[in-house]
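Chemist: Sequence:
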Amino acid sequence: MQIPEAIVAFAESVLDLLISHLVTTPTAEVDQNRCQFSAPFIVLGLRALLNLPSVATQPQALALQHRLLSMLVPPADPVDQSDAPEFHLRVTCLTNYANLLLPAEVNTADGDKVDFLSATFHCTTSVLYPQKCYCLVGQELLRAWQGARKGCTTQTSPPSSSRMTVIEDACLRAYLQFSSLLPESILGDIVSDVIEAAVLAVTTGVYSLQTQTLGLALISTLATVLPSSLRSGISDGHADDLFEKLPLILQNTSGSATDDPATAEREARMRYHLAVCLSALVDFPAPITARHKGRVRRVLEHLLDDDCRSVRLQASRANIRWYLRV
272 MQIPEAIVAF AESVLDLLIS HLVTTPTAEV DQNRCQFSAP FIVLGLRALL NLPSVATQPQ
332 ALALQHRLLS MLVPPADPVD QSDAPEFHLR VTCLTNYANL LLPAEVNTAD GDKVDFLSAT
392 FHCTTSVLYP QKCYCLVGQE LLRAWQGARK GCTTQTSPPS SSRMTVIEDA CLRAYLQFSS
452 LLPESILGDI VSDVIEAAVL AVTTGVYSLQ TQTLGLALIS TLATVLPSSL RSGISDGHAD
512 DLFEKLPLIL QNTSGSATDD PATAEREARM RYHLAVCLSA LVDFPAPITA RHKGRVRRVL
572 EHLLDDDCRS VRLQASRANI RWYLRV
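Every position in the sequence shown, counted from 1, becomes a number in the working numbering once 271 is added.
None of these hints come from the bench; they were simulated from the model. Built from N, CA and C at the ideal position, the CB exists for glycine as well. Careful, some of the hints might be misleading.
Claimed, not checked - Now the in silico label distances, taken between C-beta atoms and shown as ranges: (1) Leu584 with Asp511: 26 to 34 Å; (2) Asp511 with Pro275: 28 to 36 Å; (3) Gln410 with Lys564: 15 to 23 Å; (4) Arg592 with Ala334: 31 to 39 Å; (5) Lys421 with Arg338: 21 to 29 Å.
Turn these sequences into a full structure, and let the hints steer you where they fit.
Modeler: Here it is in structure tokens:
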């Protein structure tokens with residue numbers, strides 16, 4: 272199926288209009304909220320082009336695909352972030368909309384589930400689409416995160432104020448969310464990269480709560496679908512780091528008096544995945560679990576008294592497994 276040149280030209284003109292609006296906006300007023308309309312257009316447009324094999328034979332459409340991809344993934348030199356509008360737009364795409372590249376069922380406002388891959392939404396993808404999408408987007412997100420992480424280790428400015436740190440967190444969050452939506456057949460081929468990203472998201476202590484939550488959630492998923500790969504993919508040193516980080520994770524997500532429902536929900540979700548991970552970590556080698564048995568028991572004591580019922584349920588399951596196995 273060929274894309275009419277008129278449609279490609281129209282998409283380019285719309286993109287130019289959206290970008291020009293951001294560029295002409297004073298830098299002080301440009302933030303992620305002002306990018307909420309442009310960002311979905313970029314991600315959904317990229318997905319549409321990636322799903323059409325004919326794009327490879329259409330120079331104009333291929334150029335648009337490369338342009339959209341360059342707006343999503345940071346350049347090879349992550350230090351080049353002087354353009355504030357594009358910086359905020361890229362961060363918005365990565366943190367809020369990267370999951371649209373591989374959409375799955377989502378909950379609507381009334382509680383129903385909607386499958387955005389269904390024919391109803393006219394975005395059915397081919398069988399090879401997830402693999403193609405990972406090769407063209409997922410691997411680039413991984414490269415961008417690794418490049419930004421390397422750059423952050425050599426910078427002299429405070430990490431909290433560094434834009435490179437923001438990009439690093441955004442790239443890692445997008446990669447983790449992207450990986451969590453991949454089918455098991457692809458996930459098994461890249462499991463070493465995914466495990467490294469998920470573990471570092473949790474253990475380094477420099478990433479946002481949302482990114483840490485995604486890391487824990489992905490570890491929980493791998494423990495279910497690829498348990499042997501998870502155990503063999505985490506070194507003893509990383510396993511020790513993960514166990515030692517547990518009390519701090521609990522401390523950062525418990526007992527915070529907040530009136531923000533979204534923050535409370537994120538913290539509860541983090542504790543939930545923490546409890547699920549504890550069930551999986553009991554299967555690690557006996558010398559490792561024995562070293563951290565006391566630390567795990569103290570964490571479980573808090574989780575068993577959690578205000579959230581789902582957290583208490585998962586903590587109860589983890590507690591039984593640790594009692595029987597260690």
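Chemist: Now tell me if each hint is right for this structure.
Modeler: Structure-based check of each hint:
{"no.": "1", "hint": "Leu584 with Asp511: 26 to 34 Å", "in the structure": "holds, 28 Å"}
{"no.": "2", "hint": "Asp511 with Pro275: 28 to 36 Å", "in the structure": "violated, 58 Å"}
{"no.": "3", "hint": "Gln410 with Lys564: 15 to 23 Å", "in the structure": "violated, 39 Å"}
{"no.": "4", "hint": "Arg592 with Ala334: 31 to 39 Å", "in the structure": "violated, 54 Å"}
{"no.": "5", "hint": "Lys421 with Arg338: 21 to 29 Å", "in the structure": "holds, 26 Å"}
Checked against the numbered hints above, the structure breaks hints 2, 3, 4 and satisfies the rest.
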